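As they're listed, the protein sequences go chains A and B. Taking the numbering used here, the leading residue of the first sequence gets 1, the next gets one more, and so forth. Taking the numbering used here, the leading residue of the second sequence gets 1001, the next gets one more, and so forth.
Hints listed in this document are in silico derivations from the structure and should not be mistaken for laboratory results. One or more hints might be untrue.
Think about it this way: if two alpha-carbon atoms lie no more than 30 angstroms apart in a straight line, the pair counts; the simulated BS3-like pairs of lysine-lysine are [what the hints assert, rightly or not]:
(1) B/K1106 / A/K31
(2) A/K65 / B/K1015
(3) A/K31 / B/K1002
(4) B/K1158 / A/K20
(5) B/K1158 / B/K1015
(6) B/K1106 / A/K20
(7) B/K1160 / A/K31
(8) B/K1015 / A/K32
(9) B/K1160 / A/K71
(10) A/K71 / B/K1043
(11) B/K1238 / A/K65
(12) B/K1238 / A/K32
(13) A/K65 / B/K1043
(14) B/K1009 / A/K71
(15) B/K1015 / A/K71
(16) A/K71 / B/K1002
(17) B/K1015 / A/K20
In this text the structure is predicted, and so the values were computed from the model without any measurement.
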Amino acid sequence: MCLAIPGRILHLEEDDDLFKIGLVDFDGIRKKVVLNYVPEAEPGDYVIVHVGFAISRIHAGEAEKTFAYLKEILSDEIP
Amino acid sequence: MKYLSEYRKSRDIPKVLQAIQARASRPWNIMEICGGQTHSIVKYGLDQALEGHIRLIHGPGCPVCVTPEQKIDAACTMALAHKVILCSYGDMLRVPGTKHDLLQAKAAGADIRLVHEPLEALNLARQNPEREVVFFAVGFETTAPVHAMLIHAAAQMKLKNFSLLLSHVLVPPALRYILEEPQCEVEAMLAAGHVCAVTGYQEYQDLAEVYGKPIVVTGFEALDILEGILMCVDLLEKGRIRVENQYRRAVTEEGNLGAQALVREIFREEDVPWRGLGTLPRSGLSLRKKYEDFDAELRFPGVRSGSLSLSPCRAGDVLKGFLHPVQCPFFGKTCTPDQPLGAPMVSSEGACMAYYEAREPMGGL
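Given the sequences, and given the hints that come with them, work out the whole structure.
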């Protein structure tokens, strides 16, 4: 199952002993998400969430590169 | 929605489409592996937009689709005969086993509960110590770390009434299987972005070299998929065999090391059967000896059904990319999401379901 969506960490909730829980905002919908697999993520960061667990942190700089890459290759095209 | 809308509704989409059409000197065959990508392609009509320019072949990346019928039989038996609380992801509920599906078992009195998040199953076990709770743990590498953490937590808590019915499969063995088929026409692949967010893509370098096919790690929104296809086309046109990463914002070459470590701690690789494809070597996960207490099939032995399914379902050919869902003789006629012959017509990542929803919204009327 690959279905995962990006959300923004609002703040950390009180730790369960085993699970590091954060409150994550998905465009207005807020859900508790397990953050153990993104130890480097902090409130304000965006993470990819799959079945209630963050599996990856989104790199804003890399996200920009998608658009920069497109600009570059599309500018090669004959309009 | 940030990091999603700008890739779904980007104004660059028509330009990327044009770029693909302009640069493809012939209709290259490109396979997308993940069922989530298949759904995006069909939902946004990308296959139609690229018709005549690129041939998109749908791959086997649907873990619900490849779960053997015997596992569904086992789940039904655990719920009916052993009276466990059987927790399952929603789209597993209507996939036919050899005789029944889980929804029918529920109608017959089994305690079957739909969960969106596996943590709900763990919490159910904690809240109901007098009941056995089994979680039907289905997935690819994206979900393995989640299930690993459930086991890890259950072990720490010394939970006695919780176990997993595992149906975990791995992508690279499926790719090898497909690329080794003599009739395989795939020339490049879009690798599954979220699988690679966990595993990284170093293993795909080997695959690309051994089979001589470029592979682009790709996301799931329309712009992602089109950019992935454009990157494939550029590699194909230049005759370059390598792995590139379109889904840079979420995927690194090494992947999520913490997730990989816990998966290795809890699980080991095993030869497992794939519904429709047969048994593939080292293609699935099972619990290591240390964690075998949490294996539902060991806890409830003798639950497997031995009988073979007589279903005429052509899912095997669909999963390998040899049969397009709409060309299946049963599509939309004797096989619909309400009355499926097999799994791809009911799974949220199944290719057949994708086409049925997108192209026949009125139920084929």
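- [ ] Could you tell me which of the numbered hints above are not met by this structure, giving the numbers in increasing order?
- [x] Violated hints: 5, 6, 8, 9, 12 and 17; rest satisfied.
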